[in-house]
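K.L.:
For reference, the chains in residue letters:
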Amino acid sequence: MSARVNVPEKVVENVLEVEGLEVTFTTDTGDVPAVCDVALHVRPGETLALVGESGSGKSTVALAAMGLLPGNARASGRVTVDGTEVVGAGEAELARLRGRTASMVFQEPATALDPLTRVGAQIAEVIRNHRTVPRAEAAREAVELLRRVGIPEPERRASAFPFQLSGGQRQRVVIAMAIANSPGLLIADEPTTALDVTVQAEILDLLRGLAADSGTGVLLVTHNMGVVADFADRVAVMLRGEVVETGPVEEVLLRPGHEYTRRLLAAVPRLVVDEPADDSAAPAEGAAPVVQLRDVSVHFGRGRRTVRALQEVSLAVRPGETVGLVGESGSGKSTAARVALGLVPSAAGTVSLFGADLGRTRGRARRALLSGVGVVLQDPVASLDARMSVGECVAEPLRMHRRDMSGPERRARVAEVLELVRLPKELAGRGPRELSGGQRQRVSLARALALQPRLLVADEPTSALDVSVQQTVLEVIAELQGELGFACLFVSHDLAVVQQFAQRVVVMRAGRVEEEGPTMTTLLRPESDYTRRLIASVPVPDPVAQRRRRALSRTEATA
Amino acid sequence: METLVYLARRLAQALVVILIVTVVVFCLLHALPGGPARGILGPQATAQQIAAFNHEQGLDRPLPVQYVYYLGTLLHGDLGTSYTLNEAVSRLIEQRLPKTLVLTVLSALVGLLLAIPLGMWQAVRRNKPADYVITTLSFVAYSTPVYFLGLVLVLVFTQTLRWFPSQAPQGDTVAQVFADPAALVLPVVTGAASMVAVFSRYMRAATLENLSEDYVRTARAGGARQGAILFRHVFRNSLTPVIAMLGYYVPVLFGGALVVEQLFNYPGMGLLFWSAAQSSDYPVLLGCVLVISVATVVGTLLADVVQRIVDPRVKAGRT
Amino acid sequence: MTAVLQTAPVEAVAGYRLSLRRFTRNKLAVAGLSVVVLFLLFCFVGPLLYSTDQTHTDLTQVNLGPGAAHWLGTDAVGHDELGRLMYGGRVSLLVGLAAGLLATVIGTLWGAAAGYAGGWVDAVMMRVVDAGIAIPALFILLVVSAITTPDTLGLIVVLGLVSWLVPSRLVRAETLTLKSRDYVLTLRATGGTHGRAITRHILPNSVSTIVVAATFQIADAILLVAYVSYLGLGVQPPKTDWGGMLSAGLTAAYSGRWWLIVPPGLAIILVVCAFNAIGDGLRDAFDVRGRG
Numbered sequence: 012m013s014a015r016v017n018v019p020e021k022v023v024e025n026v027l028e029v030e031g032l033e034v035t036f037t038t039d040t041g042d043v044p045a046v047c048d049v050a051l052h053v054r055p056g057e058t059l060a061l062v063g064e065s066g067s068g069k070s071t072v073a074l075a076a077m078g079l080l081p082g083n084a085r086a087s088g089r090v091t092v093d094g095t096e097v098v099g100a101g102e103a104e105l106a107r108l109r110g111r112t113a114s115m116v117f118q119e120p121a122t123a124l125d126p127l128t129r130v131g132a133q134i135a136e137v138i139r140n141h142r143t144v145p146r147a148e149a150a151r152e153a154v155e156l157l158r159r160v161g162i163p164e165p166e167r168r169a170s171a172f173p174f175q176l177s178g179g180q181r182q183r184v185v186i187a188m189a190i191a192n193s194p195g196l197l198i199a200d201e202p203t204t205a206l207d208v209t210v211q212a213e214i215l216d217l218l219r220g221l222a223a224d225s226g227t228g229v230l231l232v233t234h235n236m237g238v239v240a241d242f243a244d245r246v247a248v249m250l251r252g253e254v255v256e257t258g259p260v261e262e263v264l265l266r267p268g269h270e271y272t273r274r275l276l277a278a279v280p281r282l283v284v285d286e287p288a289d290d291s292a293a294p295a296e297g298a299a300p301v302v303q304l305r306d307v308s309v310h311f312g313r314g315r316r317t318v319r320a321l322q323e324v325s326l327a328v329r330p331g332e333t334v335g336l337v338g339e340s341g342s343g344k345s346t347a348a349r350v351a352l353g354l355v356p357s358a359a360g361t362v363s364l365f366g367a368d369l370g371r372t373r374g375r376a377r378r379a380l381l382s383g384v385g386v387v388l389q390d391p392v393a394s395l396d397a398r399m400s401v402g403e404c405v406a407e408p409l410r411m412h413r414r415d416m417s418g419p420e421r422r423a424r425v426a427e428v429l430e431l432v433r434l435p436k437e438l439a440g441r442g443p444r445e446l447s448g449g450q451r452q453r454v455s456l457a458r459a460l461a462l463q464p465r466l467l468v469a470d471e472p473t474s475a476l477d478v479s480v481q482q483t484v485l486e487v488i489a490e491l492q493g494e495l496g497f498a499c500l501f502v503s504h505d506l507a508v509v510q511q512f513a514q515r516v517v518v519m520r521a522g523r524v525e526e527e528g529p530t531m532t533t534l535l536r537p538e539s540d541y542t543r544r545l546i547a548s549v550p551v552p553d554p555v556a557q558r559r560r561r562a563l564s565r566t567e568a569t570a
Numbered sequence: 063m064e065t066l067v068y069l070a071r072r073l074a075q076a077l078v079v080i081l082i083v084t085v086v087v088f089c090l091l092h093a094l095p096g097g098p099a100r101g102i103l104g105p106q107a108t109a110q111q112i113a114a115f116n117h118e119q120g121l122d123r124p125l126p127v128q129y130v131y132y133l134g135t136l137l138h139g140d141l142g143t144s145y146t147l148n149e150a151v152s153r154l155i156e157q158r159l160p161k162t163l164v165l166t167v168l169s170a171l172v173g174l175l176l177a178i179p180l181g182m183w184q185a186v187r188r189n190k191p192a193d194y195v196i197t198t199l200s201f202v203a204y205s206t207p208v209y210f211l212g213l214v215l216v217l218v219f220t221q222t223l224r225w226f227p228s229q230a231p232q233g234d235t236v237a238q239v240f241a242d243p244a245a246l247v248l249p250v251v252t253g254a255a256s257m258v259a260v261f262s263r264y265m266r267a268a269t270l271e272n273l274s275e276d277y278v279r280t281a282r283a284g285g286a287r288q289g290a291i292l293f294r295h296v297f298r299n300s301l302t303p304v305i306a307m308l309g310y311y312v313p314v315l316f317g318g319a320l321v322v323e324q325l326f327n328y329p330g331m332g333l334l335f336w337s338a339a340q341s342s343d344y345p346v347l348l349g350c351v352l353v354i355s356v357a358t359v360v361g362t363l364l365a366d367v368v369q370r371i372v373d374p375r376v377k378a379g380r381t
Numbered sequence: 005m006t007a008v009l010q011t012a013p014v015e016a017v018a019g020y021r022l023s024l025r026r027f028t029r030n031k032l033a034v035a036g037l038s039v040v041v042l043f044l045l046f047c048f049v050g051p052l053l054y055s056t057d058q059t060h061t062d063l064t065q066v067n068l069g070p071g072a073a074h075w076l077g078t079d080a081v082g083h084d085e086l087g088r089l090m091y092g093g094r095v096s097l098l099v100g101l102a103a104g105l106l107a108t109v110i111g112t113l114w115g116a117a118a119g120y121a122g123g124w125v126d127a128v129m130m131r132v133v134d135a136g137i138a139i140p141a142l143f144i145l146l147v148v149s150a151i152t153t154p155d156t157l158g159l160i161v162v163l164g165l166v167s168w169l170v171p172s173r174l175v176r177a178e179t180l181t182l183k184s185r186d187y188v189l190t191l192r193a194t195g196g197t198h199g200r201a202i203t204r205h206i207l208p209n210s211v212s213t214i215v216v217a218a219t220f221q222i223a224d225a226i227l228l229v230a231y232v233s234y235l236g237l238g239v240q241p242p243k244t245d246w247g248g249m250l251s252a253g254l255t256a257a258y259s260g261r262w263w264l265i266v267p268p269g270l271a272i273i274l275v276v277c278a279f280n281a282i283g284d285g286l287r288d289a290f291d292v293r294g295r296g
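Chains as they are written, first to last, in the working numbering: chain A, 12 to 570; chain B, 63 to 381; chain C, 5 to 296.
I should point out that these hints are in silico values taken from the structure, not numbers from a laboratory.
No residue lacks a Cβ here, since even glycine has one placed at the ideal position from N, Cα and C.
Honestly, I wouldn't trust all of these hints.
[To be verified] Quick list of the computed label-pair ranges, beta carbon to beta carbon:
| # | chain 1 | residue 1 | chain 2 | residue 2 | range |
| --- | --- | --- | --- | --- | --- |
| 1 | A | ASP224 | C | LYS31 | 55 to 65 Å |
| 2 | C | ALA177 | A | GLU155 | 37 to 47 Å |
| 3 | B | THR220 | C | ASN67 | 41 to 51 Å |
| 4 | C | TYR54 | B | PRO126 | 27 to 37 Å |
| 5 | B | VAL360 | A | ARG371 | 44 to 54 Å |
| 6 | A | THR209 | B | VAL368 | 38 to 48 Å |
The task is simple: from the sequences and hints, build the whole structure.
P.N.:
Structure representation (structure tokens):
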């Protein structure tokens, strides 16, 4: 690929150099320090991964490097991008830098583009921001960039509006905008977190290719250790605003030095990919299923815009077993869970819960049936009504179905379940706003267990949590299942998590069941191509293994 | 094709709304003291006349049947006859409505042309003194009864400064209205004031919301300057919610027109309505209500269509 | 249990305290609140300190300008203007508050029902609202007044019936959002009744929207009363309100007797402005979506 447009006379060693960076935010509740004394550098052509959980300050560092910190942030220290000092620079100077010397790709492709401007025009705008190029020429370049980032039929797609493209395609457009002027530094802030795992693999491949071609330095901000292993040359680990460890990726990921890094790596659910299949004890075959979907179809909308969310889906969960429901976005896994809960009516097929036909049961009988189910949903903020105390939230199922219980009895039960989920019972008097995400999910779990359910339906219960917190919540669920013996329908997009906790797995795709069976067998020796591709797309946090897998998949693709 | 389907659906919705309005008007007609007979024949009618009228008009039939007849007369364009002016209501409205539309549309245009840039400017200067001043002025303008504002304007500009006349143009036709532009100034300004206040707030809010959207950050990251972002991206995105609001503001405009016409003696529908209220001329009153409501529904429909043109997402059914 | 890294609590300060703090920091809103309190005192406590005769005419004191005996002058039949302002204010404020609250209550019930029911029930209920909005309030009020002249209570009811449409749309939107919140879904999925969802979760969480809507409705109602009285259809003499005072003083204003229209006009503007500022401040403090 051609050399960078702006070849400096003096060879600058690092495209990004950060020294003594401190960032403080002024909020309603006072000053919050986000970044303390951070130092790092990125060399041309190398990829540095900046890793950390939420609150670590990694995104703040990325934004500081572009001078894009929000108005209530104060930065001090030195941040040099390709020789230009960013901290304290004027807006005009920063505008010259952004999109030309350094570019940024953000996390959420759904909202990253102007909804009312065609994508070709948005790319052309970035070109014309920095080079005097006639409109027609810029439009042509935009089409070329679209081709380069892998968008099929770029001439036609250039006149599309963002809402006409998928999430992955939108992210490609953002990347096209980022590389339009061949920057020396590309900053990617969680570029694939909002995307499906197969799309993630493609986007990472794209970024890797582009960086290799043009010798661009990349600062990759992520919380996903697998992505780090797949992409980065060097890693810097951040905790609460400070860099606690830096080094080559193999060193840090395989022989971590700092305690936090070790804990972080230990908490990451690892997808087992090359161990021989070892099926855990098969569940009671003869027992009647706790919940069963038979040829269920679900439609949303009418006429031309009907969405067939589920098409003839059948699945069953037997007593005491955990069934993992996996798939990408649009696969219908959440819809299937909601059908099982009676929240979504089915257009065809039957849903039976504890042996009774859910579609035909109404009124008191239905409520009694549903009292045997516990539910934990994804969003920790929205799962609890912030106007009620923790105790009231947990006690709600008791109030609904056990009117015979007295106040003190209810309080005793609340204390009991809180302890089951490893939360102090004093938490009952606090409000949900005072709890962290992990604590809220555990309160949600406590509420789900209050009536000793026979079935727990968990829809992405840990996807919104940090990796270390995730581990605790999952452990609690697994432990309690062993103790209390409830069946569990576990919906997730994270194959590694499902592999760890489910005995059987159902892979869904575009509203249909693609494949199902015992977890280890299905995931290690998949029968369908899609499942194989799905597993191959999930990066493991081992750079050596990851390199091997990539090489393997490449030979498979060309074979 | 899809546009046609959409239009058909919106038209059907609009028809349902209009139908409900006719029901409301019908109920009002029957709520009149002495029944619709008195309403139509006038307060001087004798009991005999009323009875004859009732039988002739089928007013002794069950209500739903009467309603159907009522709809029938409406579809024939018959809105009754004014008994103070002795003319068909539909003809009176035909004469007066265009003038009211001129006043309303002018006020709306002036209002929007001022409000939109003002709102955007306020958003950019958020929480600076200028923003506070304009916000306060907007509140005041919004909280002032239209007639009070009109009164103050007349006192200042007519009586004291003698710049503009206190009466609006008195022509019969629209052309005559435009023949005296100076006389239009005060009425239009009065009508537009409240609109400027309300829509500058909407525009400010919409602009602020858009300024904190992700795509602005992407544009900045690409090296775009604040001005370019504002005019090339934020402006168009902020217009969409404002246009949506316009549809719902049409009845307020007509209500304001009523007061403005009365204050400035402008011979439009508002003044007609006002005089009819003074003399309890029910046919005129109810006919006006019907026509104004239909005008409002049409206005909302137009606003929807404009929104569809401006925002391609609405066309596809997602926002 | 091993120490687990926990993310920072979502909100260190409880919801209400944060809202209160945000409200008190909004200068316009606080100013508005003070204005309302002052006017309430002025209108309801004022006459106790400055008593005037508002029922009997005194033709010896007609059309006097502001002076020592009558601080704001007198009107065409000899009533003291300042006293009239206080008594008029009682009616304006009372009717405005009551009508605004009535409109909010009706609107809330209608909007919540429509939003929660969804489907064709929602569609029909909202078409009715659309029809109501299509008819300008003033027009309906004039028609009603041509039929009967309502007393104060009747006036409140009519104003309430004409204004409930806007809050119904706001509450419906809020209900739609809350209906699909995770905690409501969880409740339904585990056998909770619709009633419980509405009374325990949806309504309490709609309170901020409802309060903001109510404030704006009160502002609108006071303004509407002023219009209605100006057009001669509000309270009848000797009782009056600010709008009526404006109507009565109209011709006088052209001949220079400004004291008959400026005080009531200013009073209306200040109070309506104040309620709007409070509503705006509440909306920002609660972080509620915009009006209309």
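K.L.:
Tell me, which hint numbers fail for this structure?
P.N.:
Numbers 3, 4, in rising order.
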